[in-house]
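Trainee: Starting from the given sequences, assemble the full structure and let the hints guide the process.
Residues in the sequence shown are numbered from 3 upward in steps of one, following the numbering used here.
Any given hint could be a false lead.
In silico BS3-like pairs for lysine-lysine, Cα to Cα no more than 30 Å straight-line [said to hold, decoys possible]:
1. Lys144 - Lys72
2. Lys144 - Lys155
3. Lys88 - Lys98
4. Lys144 - Lys98
5. Lys159 - Lys144
Simulated restraints, written as ranges between beta carbons of each label pair [stated by the list, open to error]:
6. His32 - Asp132: 19 to 25 Å
7. Phe111 - Ala81: 22 to 28 Å
8. Thr47 - Ile152: 34 to 40 Å
9. Arg158 - Asp105: 14 to 20 Å
Rather than coming from a laboratory, the hints here were simulated on the basis of the structure.
Every residue gets a Cβ at the ideal spot worked out from N, C-alpha and C, and that includes glycine.
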Amino acid sequence: MIRKIIKLRKLLVRPIPVFALQLILSKCIHTVAKNNPRIFFRLGTHSQKCFLIAPMDMPFVLFLRANPQKPELLVRRTASEPWDAKISGSFMNLLKLVEARMDGDALFFSRELVIEGDTEAVVALRNALDDMDSTVIDEAAKAFGRPGAIGLKFARKLEELHHEFAK
Numbered sequence: 003m004i005r006k007i008i009k010l011r012k013l014l015v016r017p018i019p020v021f022a023l024q025l026i027l028s029k030c031i032h033t034v035a036k037n038n039p040r041i042f043f044r045l046g047t048h049s050q051k052c053f054l055i056a057p058m059d060m061p062f063v064l065f066l067r068a069n070p071q072k073p074e075l076l077v078r079r080t081a082s083e084p085w086d087a088k089i090s091g092s093f094m095n096l097l098k099l100v101e102a103r104m105d106g107d108a109l110f111f112s113r114e115l116v117i118e119g120d121t122e123a124v125v126a127l128r129n130a131l132d133d134m135d136s137t138v139i140d141e142a143a144k145a146f147g148r149p150g151a152i153g154l155k156f157a158r159k160l161e162e163l164h165h166e167f168a169k
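Mentor: Below, the structure written as structure tokens:
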């Protein structure tokens, strides 16, 4: 059953063109930046770094450039651009990390999360996210109003099903 859920996630995401995902994520990153500008400044010198976020069970990767003046979250089908730090894991584990529902250290030491490159930058990013009053996911969902809330509820339901069948 777990494989069916993973396949369902891939099927739901695969037909979405990269440019459509890009439009959605651009709106998300700009909303987060507007509502929480201090998270970018919290990164200090690491705000100029490029973070590759690679969900291992999805057909895309994300490049985060956390520059306070021009934050970017770019969608690509492959990791074809240079990066300073790479964070890899399952989509659900990465989602839980961003929502602060999962301990990154526990995932790292259980090898469910892989960090490559500038680990100091990754720690700074984690600390910046931890300092937020809400989560990045909640902020991003707000950018889309009711449809965002419905999408977030759907994603959380998928995660719940994934967890249920993983037992």
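Trainee: A separate judgement is required for each hint: does it hold in the structure or not?
Mentor: So, going through the hints one by one against the coordinates:
no.	hint	result
1	Lys144 - Lys72	holds, 20 Å
2	Lys144 - Lys155	holds, 12 Å
3	Lys88 - Lys98	holds, 17 Å
4	Lys144 - Lys98	holds, 18 Å
5	Lys159 - Lys144	holds, 18 Å
6	His32 - Asp132: 19 to 25 Å	holds, 21 Å
7	Phe111 - Ala81: 22 to 28 Å	holds, 24 Å
8	Thr47 - Ile152: 34 to 40 Å	holds, 39 Å
9	Arg158 - Asp105: 14 to 20 Å	holds, 18 Å
Going down the numbered hints, you'll see the structure goes against none, and every one checks out.
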